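*Asks:* With chain A fixed as given, assemble chain B onto it according to the hints.
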Amino acid sequence: MIKKFIIFIFVFFPIKTLALIEVDITRGNLNPLPLAVSPLSIDETSRKNFEQILDKDNIGSEISVIVENNLRTSGLFNPLDKKAFLQAPDIANLKPRFEDWNLIKAQALITGKVNYINDKLRVEFRLWDVLAAKEMMALAFTTVPTNWRRVGHIISDKVYERLTGEKGYFDTRIIYVAEEGPKTQRIKKLAIMDQDGANNKFLTLGNELVLTPRFNPASQMVTYLSYFKNMPRVYLLDIETGTQEVVGDFPGMTFAPRFSPDGKKIIMSFAKDGKSDIYTMNLETRLVERITNHPSIDTSPSYSPDGKYITFNSDRSGYQQIYVMKNDGSDVKRISFGNGLYGTPVWSPRGDLIAFTKLHKGKFYIGVMRTDGTGERLLTENYYQEAPSWSPNGRVLIFYRETKTNSKGEGFSAKLWSIDLTGYNERLIKTETDASDPSWSSLLSN
Amino acid sequence: MRLNKILKNALLVISAGIILTACATKKEVAVEAPKKEETKKEETKKEETKKEEVTKIEKIAGQMQGDVYIGNDSVKYLADGVADRVFFATNESILTTASRETLRAQAAWLRANSNITVVLEGHADERGTREYNLALGERRANAAKDYLMTYGVSSDRITVISYGKERPVVSGSNPLAWSKNRRSVTVKAN
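As given, the protein sequences belong to chains A and B, one line each in that order.
Final position of the first sequence in this note's numbering is 446; the numbers increase by one with none missing.
Final position of the second sequence in this note's numbering is 190; the numbers increase by one with none missing.
Isolated chain A (complex conformation) (with noise of 0.2 angstroms):
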């Protein structure tokens, strides 16, 4: 399925030298850049093609608002209201009249069309600078007509590389724990969603407890821990078959798995005789291979990018604070030193930050700091919310958080949130149900 995009590029990109938009991405941003999407045109004989494949009215105006979601929740963009626009979109996609969307104070503008060829979706979709009155971009794409949402977001996502100088993150994956039920008997559930919370999918049927999942970085498998047969282990399973094994065969429970950077090893916890020590399976070879031996609680192993290095959790100088060492397990060194108790540590997909949980005074934090404990910036407080994972650009953390339910401080609900790394643009990522322990896939198209 997913391999099935033919991405072709249709028309030279323009020289990178002229200075066109830019939008930056690295502070706050309180101005998002006013954009115009405009709905992708399409003709009738397609239009009515699609419409009795996928059940959409018009689906050119259904992708162009996949890419407006998108693009506003990022926060970088103010996508302008439709109602405004002028120009016809089929016109608009082959010359469009700047003035006009300069009048409604457009800065860029997406226009597009959508064609129905020997059973499969065309998309072609152009960026236009209106201030330059230039075109930025022009690609097109062709693809099996259920995949018109995933087109949407490989529209979001170059949109965002061309004007951020980034790789975006639409085209993506999150798994997550889908929770049921009184906390003294909760069911969940593995299940996965697009990004924007759309075909969300059950993977577990909810008869035993699953926790943590996490994505492979460079394929769509997943590990997670799971109580099949009252036996607490971690297991490896392939989305697209659905066939899953348990890795390795330890005589004890193992948990809080992670894949390492290429995919090869899972790094985990196992807890023996009260003393939770880190070990590394490699998927190919089954060698198992133990980093900790320390008779503390050793625990949410993260590899760096790089895969040279693993920042854990460990409660060796009494409490649980963060350590870096060498993928050997040498020089084991504490990175965290701020008041409070310190967990979760997951290394950023770009090499230079730590994202970790904080409990302090009863409450709860989600924050970063540098690999060397240097520089911890906490970007939310709640009164209980843990587990950040990153966007794969290291632009975004998504994590849950508890509330309760009504003022008197009773009933519960767990719910998926996504900050910005500035601290911004905090936001409620809806799910069906309950929901914990979210994990974000790489970009499905690379």
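Among the hints, erroneous ones may be present.
[What the hints assert, rightly or not] Here are a few chain A residues that face chain B, going by a calculated C-beta distance under 7 angstroms:
1) Ser276
2) Ile297
3) Ser300
4) Thr344
5) Glu386
These are calculated hints, taken from the structure and not from any lab test.
All of these numbers come straight from a predicted model, not from anything done at the bench.
Even glycine gets a Cβ: it sits at the ideal position worked out from N, Cα and C.
*Replies:* Below, chain B without anything else, positioned relative to chain A:
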């Protein structure tokens, strides 16, 4: 210093209250006589609820020592006088004197019933990160296991499992609820 300030402010508020009520009574003595009784009733009611609150707090205090639960609300019994669970302080896996007593009773019962095998289920409260709490639950159950072994229960009769914070026995979010949830429970496996 700060306490002094607070006390002073409180005094001011109270005296202001007295003055106000004094004024009010002076003005409408005759007409408001029956209402006065009502207010009295209300006041006694208020005092009663206050008393209830105080006893409630005392009750909570009576159920916890430090932050370890010492009550028996959720406790079940493996046999007469043999409680099934022990409780822990926040982030700790040290057995208290009371816990050791409970475990000695369990050990004696297990020695007397040598065909019985048990699962020790270790738990943590919700105020911690999920993965650390899984490890902590395992450490708590192992603390109980070690003690049972010291008192003559063979390790092959004991299985340990940690649920971390996944299976609280009570769902509240307050110190008392958390104290009931930080536990190791001995469950008959056969």
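*Asks:* Hints first: check each against the structure and report whether it holds.
*Replies:* Now for the hints, and whether the structure bears them out:
no.	hint	in the structure
1	Ser276	4 angstroms, holds
2	Ile297	4 angstroms, holds
3	Ser300	5 angstroms, holds
4	Thr344	5 angstroms, holds
5	Glu386	5 angstroms, holds
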